[in-house]
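Novice: Given the structure of chain A, go ahead and fit chain B onto it with the hints provided.
Heads up: the protein sequence lines correspond to chains A and B, in order.
Counting along the first sequence from 1, when you hit position 284 you're at 290 in the working numbering, and nothing is skipped either side.
Counting along the second sequence from 1, when you hit position 209 you're at 294 in the working numbering, and nothing is skipped either side.
Honestly, the hints are just simulated from the structure, not real lab data.
Beta carbons: idealized from backbone N, C-alpha and C, even for Gly.
Treat the hints with caution; some may be incorrect.
[Stated by the list, open to error] Taking CB as the label site, the calculated pair distances span:
no. : chain 1 : residue 1 : chain 2 : residue 2 : range
1   : A       : ALA332    : B       : VAL535    : 40 to 46 Å
2   : A       : ASP298    : B       : ARG131    : 40 to 46 Å
3   : B       : LEU205    : A       : GLU72     : 43 to 49 Å
4   : A       : GLY309    : B       : LEU205    : 44 to 50 Å
5   : A       : ASP298    : B       : ARG515    : 56 to 62 Å
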Amino acid sequence: MHGLDHSPSGRNCLRYNASVSDVQEDPGLEGRVFLTGIGAFVCATILWELVARRAVQSQPARIPFEPGGQISTGRVVQSDEGYSRTSFDSRGFRAPVPNGKPRKTVLVLGDSYTEALQVSDREAFPEQTQTRLIAKGMDIGFYNAGVSGGAPPRYIAVGPYFQRTLQPDEVVVQLNESDFSTDYFDRAHNFFPEKTGDEYKVVVLPSAGKQRMTKLPGFSTLLRSSLFQMASKKVVTGKAAASGNGRSSKVSAKLAGAELRRYIQWSVKNLRSAYANLTLIYVPYINYYNLDDLGNPCEAILGEECGRAGVNLIDMRDIYVRHFLATGVCPNGFSNTSPGKGHINAVGHALLAEALSERLEARLLH
Amino acid sequence: MLFTSLPYFLLLAVVLVYLWRVKDVNAQKIGLVVASYFFYAQWDWRFVGLLFGLSAFTFVCCKKVRRGNDEKSRKAWVGIQVAGSLATLGYFKYANFFLQSAGSLLHSVGLRPGLLNIILPVGISFIVFEVISYTVDVYRGDTPYEESALDLFLLVAFFPHLIAGPIIKPKTFLPQLKIPTQITPSNLSSGAQLFLWGMMKKVLVADRVAPFADTIFNHPGSFGALTTWGAVVAYAIQIYGDFSGYTDMAIGSARMMGYEIPRNFNLPYFALNITDFWRRWHISLSSWLRDYLYFPLGGNRKGYARTYLNLAIVMLLGGLWHGASWNFVLWGGIHGSALALHKFCVDRKVFPPMPAPIARYLSWAITLIFVITVWVPFRSSSWDTTITIFRHMYTPTTTFTIHWMSNALLFAIPILFVADLGTTRWHEGRRLHLTRFRDQFAFCFCAIAVLVLSPPAASPFIYFQF
Numbered sequence: 007m008h009g010l011d012h013s014p015s016g017r018n019c020l021r022y023n024a025s026v027s028d029v030q031e032d033p034g035l036e037g038r039v040f041l042t043g044i045g046a047f048v049c050a051t052i053l054w055e056l057v058a059r060r061a062v063q064s065q066p067a068r069i070p071f072e073p074g075g076q077i078s079t080g081r082v083v084q085s086d087e088g089y090s091r092t093s094f095d096s097r098g099f100r101a102p103v104p105n106g107k108p109r110k111t112v113l114v115l116g117d118s119y120t121e122a123l124q125v126s127d128r129e130a131f132p133e134q135t136q137t138r139l140i141a142k143g144m145d146i147g148f149y150n151a152g153v154s155g156g157a158p159p160r161y162i163a164v165g166p167y168f169q170r171t172l173q174p175d176e177v178v179v180q181l182n183e184s185d186f187s188t189d190y191f192d193r194a195h196n197f198f199p200e201k202t203g204d205e206y207k208v209v210v211l212p213s214a215g216k217q218r219m220t221k222l223p224g225f226s227t228l229l230r231s232s233l234f235q236m237a238s239k240k241v242v243t244g245k246a247a248a249s250g251n252g253r254s255s256k257v258s259a260k261l262a263g264a265e266l267r268r269y270i271q272w273s274v275k276n277l278r279s280a281y282a283n284l285t286l287i288y289v290p291y292i293n294y295y296n297l298d299d300l301g302n303p304c305e306a307i308l309g310e311e312c313g314r315a316g317v318n319l320i321d322m323r324d325i326y327v328r329h330f331l332a333t334g335v336c337p338n339g340f341s342n343t344s345p346g347k348g349h350i351n352a353v354g355h356a357l358l359a360e361a362l363s364e365r366l367e368a369r370l371l372h
Numbered sequence: 086m087l088f089t090s091l092p093y094f095l096l097l098a099v100v101l102v103y104l105w106r107v108k109d110v111n112a113q114k115i116g117l118v119v120a121s122y123f124f125y126a127q128w129d130w131r132f133v134g135l136l137f138g139l140s141a142f143t144f145v146c147c148k149k150v151r152r153g154n155d156e157k158s159r160k161a162w163v164g165i166q167v168a169g170s171l172a173t174l175g176y177f178k179y180a181n182f183f184l185q186s187a188g189s190l191l192h193s194v195g196l197r198p199g200l201l202n203i204i205l206p207v208g209i210s211f212i213v214f215e216v217i218s219y220t221v222d223v224y225r226g227d228t229p230y231e232e233s234a235l236d237l238f239l240l241v242a243f244f245p246h247l248i249a250g251p252i253i254k255p256k257t258f259l260p261q262l263k264i265p266t267q268i269t270p271s272n273l274s275s276g277a278q279l280f281l282w283g284m285m286k287k288v289l290v291a292d293r294v295a296p297f298a299d300t301i302f303n304h305p306g307s308f309g310a311l312t313t314w315g316a317v318v319a320y321a322i323q324i325y326g327d328f329s330g331y332t333d334m335a336i337g338s339a340r341m342m343g344y345e346i347p348r349n350f351n352l353p354y355f356a357l358n359i360t361d362f363w364r365r366w367h368i369s370l371s372s373w374l375r376d377y378l379y380f381p382l383g384g385n386r387k388g389y390a391r392t393y394l395n396l397a398i399v400m401l402l403g404g405l406w407h408g409a410s411w412n413f414v415l416w417g418g419i420h421g422s423a424l425a426l427h428k429f430c431v432d433r434k435v436f437p438p439m440p441a442p443i444a445r446y447l448s449w450a451i452t453l454i455f456v457i458t459v460w461v462p463f464r465s466s467s468w469d470t471t472i473t474i475f476r477h478m479y480t481p482t483t484t485f486t487i488h489w490m491s492n493a494l495l496f497a498i499p500i501l502f503v504a505d506l507g508t509t510r511w512h513e514g515r516r517l518h519l520t521r522f523r524d525q526f527a528f529c530f531c532a533i534a535v536l537v538l539s540p541p542a543a544s545p546f547i548y549f550q551f
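So here's chain A without its partners, still in its complex pose (with noise of 0.2 Å):
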């Protein structure tokens, strides 16, 4: 018998099962093992890979974009805050995209909050807001455009692509706080504002990733697959942690004063120029624990802003303040976050979709 651990424990039985070992009983049995080990290794790998792929974890494919940067096409799994499983079709549009040619179009632009990974298809506020005004008797359909790290100056750059290729009757554009930090201020991203004077211009990079990925084609498989992914963007967010930035190295650097309401004035005025039939969508960050604390200004002044533009806007703070206060139920965090923290959950979309339904019943209708 090859069993390694028959014996009660303590260290000088376990020498001397050592020193009697079965490989001297079997000269072969190290060989045997070895292998059966890579075998047993390998197998487990595949079982959790499928497994990972279906349930747990799985990344879209990226190609490129034709404005500039690269989208997401392909099935995604995601369970790292809510779960969901869903996929983004060849023009980047989150699934479900609209059947046949309906009589009106909505496009809806967004960061990940849009994209809405967190929750289920059905739970999207985009698509929720669709199903709504389809029981209303409207022809209607919604193309979901998020994008995790999307922020004005993409939603400006993009507009003339959407406008030729799908000619949107309304365009939909959520913002939140972070839209009004720094963090899109530098080349890391396709789109980004470039200073010049007093005033921004959209600058578009071409896409970096493929070039990337065509010179390694031999790890593209190692790269898509799944564990590997987890496994990396643990080591990732582990270093992040050790490094003492908690779940994320990125450190929002906010605009603030005159800065600030400059560059809310240049979003709104250039969305306003890119799609004549605007809405907009403030996810506001609300301290559930203080609601007294009312966070970054930028809220109050994208407010002023759009009332000054003629900007139609939706700002979600008091209606998911007044849910919270009514049904003690948080809109943002997951089962594996904590109440008020990260993304909004099916709660947070299903009053998105209430308010956004609502707002362009009105105006689709007239």
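Specialist: Here is chain B on its own, set in the frame of chain A:
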């Protein structure tokens, strides 16, 4: 350098290769001491001197104890060593606590003593207990005095148990240093298995429920009764998963190197009474408190009343050992009172007669609810938090709930059962046979599960703060 981190795996691998290649016992010990000091320096290199100093001080004192001509001088040297060690612990851990406590009293007479800028050296409580136990054992003759300082330095600094125990009994560890250790397939296999079970408890159980418990304890006034109860249960699971996971990894690491460290947890939440709980929870600390505090106080040899008092004193000090806070004193005091009460009930045979199975389940349930509830002051950062949590546990004060967070518990509890089963079977000698494909596959499957199912950010071990 967390046990669950890549640098630790690299350090362990280097040490294993070193011990495998080097056969000389002294060279092995030197290598282990160097690795242990390197490990400690990763936390804060400034305290390496403290670790060295405490070990050297203990060595010198024990030498005097050993060579003392009369009982009086031997006792004096033990006293010096114990006082010196406790003074070190007191300075680093309790100086600000006592200054703060005194400050609130002195404030009324117009005095305002300031606080000291002291950084708490990681693992100081464990290190101090280790050196005290060695000194007392040498004095009692329970363990032979080591002429070579190397053995003592390794006993104190041995990296698997350095930061958060288990507190090793010198008489069980020092004899293992007399002969060269061997890196064998048997030890590697069994050590890796226990390490894996421990890692599962830490990463898949403790770290999973941590955000749930943290949220409620950080905002104790915000949540309703059910959610607060859920958080208290989650914390009970978290601290068990975290600490027992840590010790399993420590014991597993030591076993891979060929050293035995005794078991530190034995299914404590299955305890049938509070005395049973303390025989199963943090066994090395309970044993230490019994051998070096309870017995010297007289144990149960000085009558009933003195026994109850001794139990209360030991647990009060045990509570204070955990941290410089009145919350820990309260936690220890409640446990001490419960131990005394249980002893009283056993001594006076006051338990009402009832069928054995009912008595068994009832006593288990009462013990579990008691232990879980008493974790509240242990986890709370202040008196106010403790009181608020207790109030919210028993009165429906708000509707704020986080029902979806119960997912974390649903996920963690089954994994805890599996990992605990694995640990228990390991200690019973029933382990995976890593020569067989089936068992190799099970091992690899569990190891990859840690990668796949672990939360994105690992938390430090709770007991590192003690």
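Novice: I'd like to know which numbered hints this structure contradicts. Please list them from smallest to largest.
Specialist: 3
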